[in-house]
Amino acid sequence: DVKVTQSSRYLVKRTGEKVFLECVQDMDHENMFWYRQDPGLGLRLIYFSYDVKMKEKGDIPEGYSVSREKKERFSLILESASTNQTSMYLCASSFRGGASYEQYFGPGTRLTVT
Amino acid sequence: EDQVTQSPEALRLQEGESSSLNCSYTVSGLRGLFWYRQDPGKGPEFLFTLYSAGEEKEKERLKATLTKKESFLHITAPKPEDSATYLCAVQGVRGSTLGRLYFGRGTQLTVWP
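In order, the protein sequences belong to chains A and E.
Read in the working numbering, the first sequence has 40 at position 40, and its numbers run on one by one without any break.
Read in the working numbering, the second sequence has 58 at position 58, and its numbers run on one by one without any break.
Bound conformation, chain A alone:
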């Protein structure tokens, strides 16, 4: 069974704090993704990574950065948290290659910034 885990289910932070969200997958997937999900807006891609130390911006990278030092781990960093970053954050992973591969998601982190 594919397993994607996220460091926290619920997180409450104050405005201006630096926030780290961690994601770990155990399927040796090359690709990893960070999304945020808000009511009425659906899933929006923040950043993704197709290999260790490689990253690509998604549709809404502003205010976020990422780190991938090991293949199984992908971290999302909120440099200075703001209230408009209150959201559900979802990590996903998939194989990379010639075929089209599904993404597997973690359980999500509900982040509240006050």
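Possibly wrong hints are sitting among the right ones.
Unchecked claim - Beta-carbon label-pair distances, calculated as ranges:
#, chain 1, residue 1, chain 2, residue 2, range
1, A, K18, E, E15, 44 to 52 Å
2, E, Q14, A, D28, 40 to 48 Å
3, A, R73, E, Q14, 39 to 47 Å
4, A, G63, E, Q14, 24 to 32 Å
5, E, G54, A, F20, 25 to 33 Å
6, A, G97, E, N22, 25 to 33 Å
7, A, S82, E, E58, 40 to 48 Å
Keep in mind that the hints were calculated from the coordinates and are not lab data.
The beta-carbon is built from N, C-alpha and C at its ideal position, and this holds for glycine as well.
Fit chain E to the given chain A structure using the hints.
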């Protein structure tokens, strides 16, 4: 740009009342179309991948079909436990090397007894 539109946004069915959810897509060379189920407060759960027009996949009361412009998720004799949001996503040639998917906003299905 690759795009996905799902309809309806919300659907209420009585238990046993069959129906279909629609996913219309625009993509530069379809590599794969994906269906997910998402329960409140949880991450999406993968259901199906469809690769080419005419393909069908089934799982319990769910059947997914694919044409060149849209996909349908047919729900036969639904039960209350089928209540969830169903998401559709596509991968086109442009995004395929990096594994990027484009998601629709989902259809929220409620099945009442």
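Quick rundown of the hints versus the structure:
1. A:K18 - E:E15: 44 to 52 Å: 49 Å, holds
2. E:Q14 - A:D28: 40 to 48 Å: 45 Å, holds
3. A:R73 - E:Q14: 39 to 47 Å: Holds, since R73 (chain A) and Q14 (chain E) (Cβ atoms, about 46 Å apart) stay within the stated range.
4. A:G63 - E:Q14: 24 to 32 Å: 44 Å, violated
5. E:G54 - A:F20: 25 to 33 Å: Check failed, 46 Å falls outside 25 to 33 Å.
6. A:G97 - E:N22: 25 to 33 Å: 30 Å, holds
7. A:S82 - E:E58: 40 to 48 Å: The hinted range 40 to 48 Å holds for S82 (chain A) and E58 (chain E), with Cβ atoms some 45 Å apart.
The structure shown violates the earlier hints numbered 4 and 5.
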